[in-house]
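Asker: Sequence:
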Amino acid sequence: MENQITIREAVTESDVAVFWEQLHIYYKRDIFPDPEDEDREYFLSATEYRAHMQKIHDRPQDKCYYLFFHRNGQDIGFALPVIYTSEDG
453 MENQITIREA
463 VTESDVAVFW
473 EQLHIYYKRD
483 IFPDPEDEDR
493 EYFLSATEYR
503 AHMQKIHDRP
513 QDKCYYLFFH
523 RNGQDIGFAL
533 PVIYTSEDG
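Heads up: the sequence shown is residues 453 to 541, going by my numbering.
Just so you know, these hints were derived from the structure itself, not from any lab.
Among the clues, some could well be false.
Stated by the list, open to error - Label-pair distances were calculated between CB atoms; the ranges are:
id, residue 1, residue 2, range
1, Val470, Asp510, 15 to 23 angstroms
2, Arg492, Ala531, 14 to 22 angstroms
3, Tyr536, Asn455, 15 to 23 angstroms
4, Pro487, Gly525, 32 to 40 angstroms
5, Glu473, Glu539, 25 to 33 angstroms
Every residue, glycine too, gets a C-beta built ideally from N, C-alpha and C.
All chains, full assembly: derive it from the sequences and hints.
Answerer: Below you can see the structure in the form of structure tokens.
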């Protein structure tokens, strides 16, 4: 079906690397465009923010997912959702 958007989880090491690369581009361009922004370093760091998110990704319950949105053979977006099933079942 043309123009159908599909969701693909980043599960391979390569996909995860692309996910984080795209997230950093987004943060630098849209969230923290000022290089002097004090929060920028934290969100671009592999040792703090990424490590924290990886722990949430790896936990067995209420984990986060690294997702890509795909249309017509091309990635068009991404998301980092956390689904909290333990709060209300």
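Asker: So, for every hint listed, does it hold in this structure?
Answerer: Results of checking the hints against the structure:
Take Val470 and Asp510: their Cβ atoms lie about 19 angstroms apart, and the range 15 to 23 angstroms holds. Taking the beta carbon of each, Arg492 and Ala531 are about 21 angstroms apart, inside 14 to 22 angstroms as hinted. The hinted range of 15 to 23 angstroms is not satisfied by Tyr536 and Asn455, whose Cβ atoms lie roughly 31 angstroms apart. Here the CB-CB span from Pro487 to Gly525 is close to 35 angstroms, well matched to the stated 32 to 40 angstroms.
Look at Glu473 against Glu539: about 32 angstroms separates their beta carbons, and that is inside 25 to 33 angstroms.
Of the numbered hints given earlier, the model fails hint 3 alone.
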